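**Student:** Join the two chains into one complex using the hints; note that each chain is given alone, in its own frame.
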Amino acid sequence: MTAVKTTETAAPAGSVPPALPPAVTGGARKRRRGGAFDRALPYLLLAPALIAILWLIGFPVVSVFVTSFRQLNLGELVRGEIVWTGFDNYVTVLKDERFWDVTVRTIVFTVAVVGASVLAGLLIALLMRALSPWVRMVLQITMLCAWAMPILASATVYIWIFDQTYGILNKTLIKLGFDSFAGHSWFSSGTSTLTVVGLLIVWQAIPFLAFSLYAGAVGIPRDLYEAAGIDGATPFQTFRAVTWPEIKPLLMMVTFLSTLWDFKVFAQIWVVKEGGPSGESTTLAVLQYLEGIAKSHFGVAAAVSVLMIIILSLLTFQYLRRLLQTQEGQL
Amino acid sequence: MKKSVANLTGLLLAVFFAFPTYWMLASALKPKGTLLTSSYDLVPFSVTGVNFVTAWTKQGFLSSLGNSLLVTLTAVVASILVGLLAAVALSRLRFRGRKSFLMLMLVAQLAPFEALLIPMFLMMRDLQLYEHLSSLILVYFAVTLPFCAWTLRGFVNGIPVELEEAAMVDGCGRWGAFQKVTLPLLGPGLVATSVFAFITAWNEFLFAKVLIRSQDRETLPVFLSGFQTAFGTDWGGAMAASVLFTVPALVFFLVVQRKMVAGVTAGAVKG
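Residue numbers (my numbering), protein chains in the order written: chain A, 372 to 702; chain B, 142 to 412.
Think of the hints as simulated: they come from the structure by calculation, not from any bench.
Keep in mind the model is a prediction, meaning the values are calculated, not measured.
No false leads were slipped in.
With a straight-line Cα cutoff of 27 Å, these simulated DSS-like cross-link-like pairs (lysine-lysine) come out:
#, chain 1, residue 1, chain 2, residue 2
1, A, Lys546, B, Lys173
2, B, Lys144, A, Lys619
3, B, Lys173, B, Lys199
4, A, Lys466, A, Lys666
5, B, Lys173, A, Lys542
Chain B with its partners taken away, still in its complex shape (with noise of 0.2 Å):
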């Protein structure tokens, strides 16, 4: 009996997290013409891909897609790449200052990006990056960054350090023990946390708008924020322009859902 309320409370909730995502599947799906009508209609009575075409052709999609890709991704190779040298050095390494520079990580993670506007718009502009997209991966590199080599040296102290001195003493120099033992074992770590750093990215939205303001080098995120201008009322095409932008971030999560929560409170909440 108790077990059953306990059920029938969970699919409700089920329910509440699921029925935002299934309406912007529900709409995309809907023909032309059958969105803007008071008829009620909580299962499409027809099913259309028209919207999907819709969203694809429209002016400005394609080319922001490119650009959310080519800079989301190009900041995250970045940021992996110096990450994990850090996490190496911090974790595997002993040195002076390494508290400090682990304290230096631990802050730069919390540091208010959004309060950071006004300095980093200036600085672009005195870089003669502003509205070129390199500002953008400059900037998610530095969000993503410290968040990376924290993550990544939880993932790196892991693994046991006497497999890679049991390397070491079958031949390899210290590099080669790294590259042959300890990198395959951090492949599970590297694309969790590049996961972490990817949808970072994807989503964000503020230095977007900010720094880019000519339409062809905007990214995704903006032009679903200008989908009023670029859509109308075709709630259908905004709704399938949302799917198309949900679907790379969607696949990422599931790729890595078991390492969900640990990736994000590895660093941050275990104690």
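Same shape as in the complex, but just chain A (with noise of 0.2 Å):
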């Protein structure tokens, strides 16, 4: 409730709740001339968010809508003509095989993606705890490396690390006497390729995580597990007891933010194999491009995202529904 309370103490003249100190008042006595100024003071103050919110935000919202069902192709767009076709895109894509495998290995792949950078993420966490201080210092400074390293540099650097040829993980895994990964490519499958992908991300996601659980877990106090101690917890029985239900709702809200973050993912796939070989690797993401920009297809490309517009809010709400829950008040 402190956000309230500070708020009101700040409140223009029209609405300053009784019980305030006599200084504030006075304070505040002193503005009230430009009574009709104050009252108007917080719009004025929102209006340039709000504008450019409405106008970048929420207008590409609604045209995503209402240009999914036109006819819009290149011809369409040069000569500037306007064809409506009811639900013609959404039947295109939805007939599509294509479309239902491309849908499956989005979802296949953010799952896994989450779930391993997620588990990974834990566990970091709850090891960086048991680790000696310069231990801890180290593993922490490797992992903002991994963090801030943009994406076009890392995914730069592993396509250098998986090459074929000259690339180290081969020569690695020669040198180790696994001699059938000569000239072994890791981009010659869908499979492969995402799994590299998933790596890719996996890695420079775990930061994040591992930093917030991290947080997390150094905030629960040390005489739970004391407690636990003396009642002849194991380990695992420590964990489930004390550490679960303290970390779980910041677990929840980081798995839900990287399932967001994770289903759009376009640069890390496209970088590595532009989606291939022969679009084993597209996702919904990479789908859109295709569909619209590469083909020029807004409409069958707008019906994609408002596709994934729909998966994605659901999700985005499931996550609001749970943030407000916790923080009762402070909005």
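**Tutor:** Next up, the structure:
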């Protein structure tokens, strides 16, 4: 409730609550002459942000739905024609077997990447508590470096590490005696390509997850663990009875956030293999780009976007519901 | 005994996280001709700066670096300014519709921009901004604004309003109190927020690829994504370019590393 309290004390003259310390009312009285201005002030301050959000986010959201009901290819775009086609674009998309392949692939990929990164993030967060300070410091610095690396830089490095002939990974595997990896191409199938992309994403996603969860884990009161120790709990029992309930809300939040982020990944997939070979690593975000921008089928691509938005909205709604539950009174 | 197992695991993980960064740097420092060989050299035998010169003087590198800086910095400054105005209103003032505005910021922060690619493309085309850097500035401004407003609101909330009131008792106007008391205290928050906004825009690839097609206007991510056209199999040059691309982000990251988690989770996660 602190947020509400501070806003009340700084409120414009019209809505000053009765029980203010005299100093505050004194201050407020001085400013009272601009009554209309004071009342308008919050809206004036919010106007630029509101206009920007409505124009640059609100309008495109409406527009994507409208576009998805239009036949809009390069011809119509150049001529400026408006051709309504009802649900034709959706029929085209939903009847296309490729769309369902891509959707299933996107969901499997997202679940795998989110699952792996959240689990690894949690384990590393718990491990960090057990480390000597200097090891923890080293680990944190290396994680910061991974986190800070721009996506395009890290993707380029991964392509180089996984290079068919001169990549350090194949060289190392050969050195270790796995001669079959001589000239092995990691990008020759969709599954293998997506595994490498997934590793890249997980590698860069873990730092945020580990740092957040570590911050949460450090905040758990020590006496809870002492009590568990006195009761003779095993490490696993301690985790289940003490750590898990304390960290679960935070874990849910970062899982939702990760899902929202990983579902729409484009850059890494595109840079590594452009959704190939032969479309086998194409996800919904890539499909939308290929249909819309590469082939100029804007109406069909908009239908794909709408389907993405629907899936993401369901996730976002769940996330917001939980978020508002945990911080009631914050709004 | 148990501690040493944990420490060993921790160090192995550190190697896992550091290796790609290390490998980027090591490859960038290796002399030409030693990269595309079957020799096994985890540590460079000899070191050279020639790859950095190659990358720096590569056709398109400097212009894309300039474009990236221009687009990113303009968008971040705009987001911070507009976001700060909104944050102050949402944190310090009480008015009708405040909750709705907060809700709007929260939802806008989670807006799936990648799924708005098609309407954004069409809109920029209608506005005659297609192929102009200003289209990217607008998109990055929109992407970072809700985050900036929301996060800055958290930072403003953290500054006791009593300090402002004290200044007002001492004769400051509301603007004076804000400028002399709140703004200086907000410094670290402003820095942390702008770094996050900077990194978001610095990284962005999809819109940079779609909205800009001519080579002299492309940004660094797009330049780097075409490294195979630019560098061929010159991995040393590509790695040097990646290093140069990473340095600004890394420097900014280290500046705010303490605020890092708090910054990302301030509005989003902490109850």
